[in-house]
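Engineer: Just so you know, we're using the working numbering here: the sequence shown kicks off at 89 and counts up by one.
These are computed hints drawn from the structure, not numbers from a lab. Given the structure is predicted, the values throughout are model-derived calculations rather than measurements. Idealized CB from N, CA, C, for every residue including glycine. There may be inaccurate statements among the hints.
Unchecked claim - Here are the computed distance ranges between Cβ atoms for each label pair:
| id | residue 1 | residue 2 | range |
| --- | --- | --- | --- |
| 1 | 149 | 121 | 46 to 52 Å |
| 2 | 165 | 92 | 20 to 26 Å |
| 3 | 140 | 162 | 21 to 27 Å |
| 4 | 176 | 107 | 52 to 58 Å |
| 5 | 172 | 101 | 47 to 53 Å |
| 6 | 181 | 92 | 56 to 62 Å |
| 7 | 178 | 143 | 17 to 23 Å |
| 8 | 157 | 134 | 22 to 28 Å |
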Amino acid sequence: MALKKPSQAAAGKSPVSSVAAEALARQLADRPYGEQKTAGSSAAIKAKPISISLPPSVIEQLEDTVRDNKRSGEGPRTISAIVREALEAAGYRG
89 MALKKPSQAA
99 AGKSPVSSVA
109 AEALARQLAD
119 RPYGEQKTAG
129 SSAAIKAKPI
139 SISLPPSVIE
149 QLEDTVRDNK
159 RSGEGPRTIS
169 AIVREALEAA
179 GYRG
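Sequences and hints are given; from them, build the entire structure.
Structural biologist: If you want it as structure tokens, here you go:
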């Protein structure tokens with residue numbers, strides 16, 4: 089299969105109407121470069137991923153708990169959620 093030259097590929101596309109071009113220009117004109125997003129645009133603060141080392145027996149217990157919770161449909165369904173709940177119960181708040 090031969091590749092088309094850029095000029096041939098562009099020839100197959102339908103031409104853009106001036107109305108569509110103006111609408112796109114107006115839409116992009118309201119979004120200048122470097123403008124920071126407002127705090128209201130993100131509803132929640134995004135969690136920051138971290139890495140911890142745990143003994144294999146603790147990891148196995150956490151994985152078993154997650155599996156049981158997924159099967160029963162109750163409780164936290166990820167290790168992160170279990171750790172988050174334990175930290176909140178210990179008094180750490182986000």
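Engineer: The structure should be examined with respect to each hint, and the outcome stated for every one.
Structural biologist: Tested hints:
1. 149 <-> 121: 46 to 52 Å: Holds, at about 50 Å.
2. 165 <-> 92: 20 to 26 Å: 49 Å, violated
3. 140 <-> 162: 21 to 27 Å: Because 25 Å falls inside the window, the suggested range holds.
4. 176 <-> 107: 52 to 58 Å: 54 Å, holds
5. 172 <-> 101: 47 to 53 Å: 50 Å, holds
6. 181 <-> 92: 56 to 62 Å: 59 Å, holds
7. 178 <-> 143: 17 to 23 Å: 19 Å, holds
8. 157 <-> 134: 22 to 28 Å: 24 Å, holds
Violated hint for the displayed structure: number 2, the only one.
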